[in-house]
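Kindly produce the complete structure, drawing on both the sequences and the hints.
For the sequence shown, UniProt numbering begins at 1 and goes up steadily by one.
Hints are computed from structural coordinates only; laboratory data are not their basis.
We treat Cβ as the ideally placed atom computed from N, Cα and C, and that holds for glycine.
Take these hints with a grain of salt, some might be off.
As the list claims (entries may be wrong) - Beta-carbon label-pair distances, calculated as ranges:
no.: 1; residue 1: K33; residue 2: Q11; range: 29 to 39 angstroms
no.: 2; residue 1: A13; residue 2: R56; range: 39 to 49 angstroms
no.: 3; residue 1: D34; residue 2: T3; range: 20 to 30 angstroms
no.: 4; residue 1: R56; residue 2: D34; range: 32 to 42 angstroms
no.: 5; residue 1: A7; residue 2: A45; range: 20 to 30 angstroms
no.: 6; residue 1: A55; residue 2: E12; range: 38 to 48 angstroms
no.: 7; residue 1: R47; residue 2: L25; range: 23 to 33 angstroms
no.: 8; residue 1: G22; residue 2: E42; range: 23 to 33 angstroms
no.: 9; residue 1: T38; residue 2: Q11; range: 35 to 45 angstroms
no.: 10; residue 1: T3; residue 2: D51; range: 35 to 45 angstroms
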Amino acid sequence: MPTRTAAELRQEAVRYELIPLGMSLLPLISCIKDWAETHLDEVSAARTEYDTATAR
Numbered sequence: 001m002p003t004r005t006a007a008e009l010r011q012e013a014v015r016y017e018l019i020p021l022g023m024s025l026l027p028l029i030s031c032i033k034d035w036a037e038t039h040l041d042e043v044s045a046a047r048t049e050y051d052t053a054t055a056r
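Written out as structure tokens, the structure reads:
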């Protein structure tokens, strides 16, 4: 879960950072990232196949 901090600068800026509960998700997110990198070609092919099938 993130916290949000607005900074008062010339340009508006917002900073996000994870609280401990959100940090507990990092191992799961890392596994999803690894899976996505491993299957990138398959995901891209499936996306192309879907886009082709649904194109009008």
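Tested hints:
Our hint of 29 to 39 angstroms for K33 and Q11 holds, since their Cβ atoms are close to 31 angstroms apart. Checked against the given bound of 39 to 49 angstroms, the beta carbons of A13 and R56, roughly 42 angstroms apart, stay inside it. Between D34 and T3, the C-beta spacing of about 27 angstroms keeps the proposed range 20 to 30 angstroms intact. About 36 angstroms separates the C-beta atoms of R56 and D34, a value consistent with the hinted range of 32 to 42 angstroms.
Taken as a hint, the range 20 to 30 angstroms is violated for the pair A7 and A45, whose Cβ atoms sit roughly 43 angstroms apart. A beta carbon spacing of about 40 angstroms between A55 and E12 agrees with the range 38 to 48 angstroms that was offered as a hint. Separation of R47 from L25 is about 25 angstroms and conforms to the stated range, judged on CB atoms against 23 to 33 angstroms. In this structure the hint that G22 and E42 lie 23 to 33 angstroms apart at CB holds, the actual value being about 29 angstroms.
Distance hint check for T38 and Q11: the Cβ-Cβ separation is about 39 angstroms, which falls inside the suggested range of 35 to 45 angstroms. In this structure, T3 and D51 meet the distance hint of 35 to 45 angstroms, their C-beta atoms being roughly 38 angstroms apart.
Hint compliance for this structure: hint 5 alone is broken.
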